[in-house]
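S.K.: Here is what each chain is made of, one letter per residue.
Protein chains: 4
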Amino acid sequence: MTTIKDSVHDHIEVSGVAADLLDTPPVQRLRRIKQLGTVALVYPSANHTRFEHSLGVYHLADRALAHLDIAGQRADRVRAAAILHDVGHSPFSHNVEDVVARRTGKEHDDVDELVTEGEVAAVLDDHGVDPDAVAALIRGDGELAQLVAGELDVDRMDYLVRDAHHTGVPYGTIDHGRLVRELTFIDGDLVLDEGNVQTAESLLLARALMNPTVYSHHVARISKSMLRRGAEALLETTEIDAEQLRRMDDHQLSVALRTHDASRAFGRRLADRDLYKRAVWAEMGDVGDDLLDASHDEIRAFEAEVAADADVGEDAVILDVPGRPSMRESTTGVLVGGEVRRLDEQSTLVRALQVAQREQWRLGVYAPEATWKPSGRPPSACSASRPTARSSAT
Amino acid sequence: MTTIKDSVHDHIEVSGVAADLLDTPPVQRLRRIKQLGTVALVYPSANHTRFEHSLGVYHLADRALAHLDIAGQRADRVRAAAILHDVGHSPFSHNVEDVVARRTGKEHDDVDELVTEGEVAAVLDDHGVDPDAVAALIRGDGELAQLVAGELDVDRMDYLVRDAHHTGVPYGTIDHGRLVRELTFIDGDLVLDEGNVQTAESLLLARALMNPTVYSHHVARISKSMLRRGAEALLETTEIDAEQLRRMDDHQLSVALRTHDASRAFGRRLADRDLYKRAVWAEMGDVGDDLLDASHDEIRAFEAEVAADADVGEDAVILDVPGRPSMRESTTGVLVGGEVRRLDEQSTLVRALQVAQREQWRLGVYAPEATWKPSGRPPSACSASRPTARSSAT
Amino acid sequence: MTTIKDSVHDHIEVSGVAADLLDTPPVQRLRRIKQLGTVALVYPSANHTRFEHSLGVYHLADRALAHLDIAGQRADRVRAAAILHDVGHSPFSHNVEDVVARRTGKEHDDVDELVTEGEVAAVLDDHGVDPDAVAALIRGDGELAQLVAGELDVDRMDYLVRDAHHTGVPYGTIDHGRLVRELTFIDGDLVLDEGNVQTAESLLLARALMNPTVYSHHVARISKSMLRRGAEALLETTEIDAEQLRRMDDHQLSVALRTHDASRAFGRRLADRDLYKRAVWAEMGDVGDDLLDASHDEIRAFEAEVAADADVGEDAVILDVPGRPSMRESTTGVLVGGEVRRLDEQSTLVRALQVAQREQWRLGVYAPEATWKPSGRPPSACSASRPTARSSAT
Amino acid sequence: MTTIKDSVHDHIEVSGVAADLLDTPPVQRLRRIKQLGTVALVYPSANHTRFEHSLGVYHLADRALAHLDIAGQRADRVRAAAILHDVGHSPFSHNVEDVVARRTGKEHDDVDELVTEGEVAAVLDDHGVDPDAVAALIRGDGELAQLVAGELDVDRMDYLVRDAHHTGVPYGTIDHGRLVRELTFIDGDLVLDEGNVQTAESLLLARALMNPTVYSHHVARISKSMLRRGAEALLETTEIDAEQLRRMDDHQLSVALRTHDASRAFGRRLADRDLYKRAVWAEMGDVGDDLLDASHDEIRAFEAEVAADADVGEDAVILDVPGRPSMRESTTGVLVGGEVRRLDEQSTLVRALQVAQREQWRLGVYAPEATWKPSGRPPSACSASRPTARSSAT
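So the protein lines, in turn, are chains S, P, V and C. Under my numbering, the first residue of the first sequence carries the number 10, and numbering increases by one thereafter. Under my numbering, the first residue of the second sequence carries the number 10, and numbering increases by one thereafter. Under my numbering, the first residue of the third sequence carries the number 10, and numbering increases by one thereafter. Under my numbering, the first residue of the fourth sequence carries the number 10, and numbering increases by one thereafter.
In case anyone wonders, no lab produced these hints; they're calculated from the structure. Just so you know, nobody snuck in bad clues.
Since copy identity is lost for identical chains, a pair holds within one copy or between any two.
With a Cα cut of at most 25 angstroms, we get these calculated SDA-like pairs of lysine to any residue:
#1 115 / 309
#2 286 / 369
#3 286 / 225
#4 286 / 331
#5 115 / 40
#6 115 / 131
#7 286 / 377
Between the sequences and the hints, there should be enough to build the whole structure, so can you do that?
M.R.: The following block contains the structure:
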């Protein structure tokens, strides 16, 4: 057994299949993938990685398994899934995931070929753990997948606390010890035991507060958009393809961006934190459905139109349209008076969070500070979609 | 200048009038008043006192004054009010406040005779600080009173973080540094500066989560009710009067309860944590308005009726009816687009908190474990008020 | 199983004999015994109690037992001893221990009649745990006693971390997780496993830094001396005897001191933090062996002589002569190259600590500020013992 | 004024020259230089960077300046030096510093051309701050240099606390608030004020405990040695020269190592954490002076000899000979009885630390696990230097 020191959970004991998986290159690569991508440009201490997060998820999964009295092969599969659940991440975590997915069809939780082949599969085989079963858990299939890829999963518990520790923003400080202790399976559903409506609410509230403050901070969104643009340029102009991009680590993408002509400007700006600014910042009510549901190509066309309109280069306009808000975890089950109830049915606060999330939604148009300044009215392509009223610029 | 080490704010520098006030007996007495009264019977580490809290409030007030650029006499008054704001507390903080107020008409923030007479007044005079002005600030009168006794006061900021630190419940971990930095006066109103709707929400959410978990935990409420009953017995059967009770510290009340015949049973039970249990636990919808608005005498009559009905002594029944929920801090002002808006108008979440608070409200009937067990139906006096449906017992 | 929230170890799970022992009055009494006695007069947040410390010791003992693979009756005895190890403490922990021990012969770890009789014994019997064996463990007898009352015991590990958390002084932050994991028994001796010389050193260094800063801070020593004097006065002039004093809690002693004539002045001064000051503060080299080894009666005679000399009342002079330094834990065993070595043989630092402890030793003479000021030369009784040279006054 | 959130110091306020310096590329580059180089291979959470550390040093410097009542130009120079003090670091901080210094003659604190030219100089000029004066402070010249590059500098205070926060090893938790408050200048020397011998000791003890546990952990040393070898290979076989290497960031070096033939094996091993193991681990007493004082070339010759002896490639043997221990900070000045004394004259503990440091010194010989196993006796080149006796292998 190995004991690993972690800044969040203190000592983490690793043994068996988990210990051997840690030593494989796909897991070691996670040491070079920042957990929060470009968020470190807002919160300079947020340099923690998917590697330490994966260890933390393993640790909480292991405790949950002990609490739920799940052992043997079933438990080992969950432990393996915990360690491996993030190996499918592109560099800078979620930041370029869309770029990759559009070309490969693979999201970060599609890890089949990473888990069922090569060194990882060999380690799993050595320990008699079925690679396909592990890949399924990571994809979210099967009862125990709820522990690592569900509404009440230990993934979320770890990242909230860890992101709070490293950003310094205290809102993520949930009581993960209690959450893990109160998990129980009822008819195949993972729910929180009696008396835990507030425990469940606290998890969602923590996310709701971390979201605008950290995850969707406008500077994080701007830099992420620039990173995506740089990555697109790499794929369009160099020999790097999407599968290769997906397997890079942060170091490799950071260097590649700065090396190639088409992406160099973005690479340099990201390295020097010489970021675009918000030209438009519009609420959902001020954005038309056509824009909200626009395809990638439509958005690129909008951008080109705005750029032409402002007489600047295409790279000088980035349109950032987040997806429509969803809050999957509001369906979390909680035992109330012996019955499983959905949290959003039981909790006034959680229903309010769903509304609040819509209210916090913002469309952004970003541009280099010196190129063009937002006029009183937003650029035409956007104004077509009326992001006028309460839009603000910084 | 003195530097005092605090477990929450690290080093607190105290000088001038604040330093001299610290040395007065009414402030030193706060070392013997637990911040959370009987909550330590639920969270054993929650033994922090009003003294350290008062230091913390002073510290945050001092930072807020620096940030708001308020100096001189006006600032000294606020500093003095911060140090003194809790000297009017009865033993065990809020726990016996009602008992005292019914007889003296004085709530804990009525500190006139404590501040305008004796050693405290002498110290204030020495430093040229007007005692009446300080008492007014503590009472909540005047513009600067908003800093120490308003919706956005530093009192709340300190106690949330401090209570989280000492109970171990992480929900109170607000970002007080940011809150203090974002305070601003607009037309005489203390509000949070532009871009702080979430900052304001986080303060209210922290309270909303701490409330059921800590402040209104049913064991805290039961023990508080027992303490109140014991205090009533002392006042009814001994020479101790309400003014004396009010000036006791926790040590003196704890000993007095165990010394006198009429209160000894309660004193012993509290000391040994041999507490009453919930016989009835009813939601607001199941409680009639007559009970909700019952006077103290009516409640005592109810209790007597239930006791007679169950054929037990009067001390064996405690009816605990919290006041109707209010959430004063939901009127917090926040600058949005250059205008001051009320938080409950601006924030979906805060409006939901108001509903949630009502949903969390519970009436309790408590009894010694061995005396009588709640029957399927609640005791008659209560059933008159229909606390039937979702009532639960533990 | 009960889960108790602790500000230091987060969730502590208690079950079986430990859970039932927690409910006994001698253990509940520890809620009213401050862990650090009068240290709270220096560090205002240091209001933690022997109760939460006992829970922490139980928690670490439980983990150590799991790590050492000790189960069944032997483990239950250790768990019981962990919960009970401090029930023999007088009010304010060690502060009046000497006063009691001179009259009763009982130190705080002499708990025979507390553990082998009454409710505690009944609970132990119920669980088939031998009360005499538990009392022996607390006294330090037997192999497993090393876990709760030895050089490497979990008592020390808990209090260092807990005292750091509550005082705010960071020096006690040892790595208790590692210490517990590295414990091993070799030929009946509890030692730290291979590779842990620095781990062991860190424990001793933490104590060495906490000692002058916290435990032996001169204000803590002064107030402790005043408390002892007040307690002596109570025993000499009231019907309270040493056995009764020993069984009081902090509340009762605090009230008793303020109630009785002979102790009232000390009681009032301690309550108002109106403390004596250092008149003399002398290093060991400046103090004669006669004073170093003086009996209690001799010290009282010295005090009387000084008081007469200065023409003040006897209560105006307190002579505080700490025992000669010892550092029992420097004999801690550590595995080095397969052999058990004594830490003070192995570690240069630990040998230096023994010297440093002697250097830090100070004799104090305390007096009310207004009564008499230390002259250039110390009071005659002391000067006989030459506490001249480097003595300082504050 | 900008407020930056830091995981260690919470809110850091930056304005003036410091704020503008933060935006320069040489400072932004520090976001891509890990504070602890390869230590993250031992402590996975230790991914913090020189950027956040520089902010922390700035923050503590700013407080120290306020405390010492230093303002205006002199203060701005110190603030600038604090922000800039680490811009001269090579990638992975100290890890390849020797490799660079051998070829360029420049240590990391030789920042002249970085500070007196280009964007940094422009910013300094804009604010009327003399670049040469700032470079001198960083080099350690001048009275105020003691604040940022002396025995009692804020650099050390920040990194100890920060490294503890991010590794999870608690030994670095010094009381930086107190240290900063107790600084004072006496006759041009920065010393700790009266009553702070233990405060000074605590700083040195924290370092002494962090050193073997973190900074010189054998896995950190092995990976650092491998990194150095890889960097040497790059310089010897590619067009990259030492000046270029010095200006790379971690990302660039990490990619370069994996890209070029001569360094690829080391780059791959470091990326996969497939590290060499200790073949020999010898105490100072067992190592001859010739080896202790060997030049780089002599060491390379030793390595070649050992490799030939073992019939393995040259890359399969790394000899790691740390410099002779020194402990500059033991000359820290402390006021004792009105006189400045050197800490190592005043403190038994600090003198012991000097001995302990020598005892902890270890020579290492590292090799790939599979290539050759250490025989009972160490390889001949080493055995010449007698690293026999207590050497250990893992």
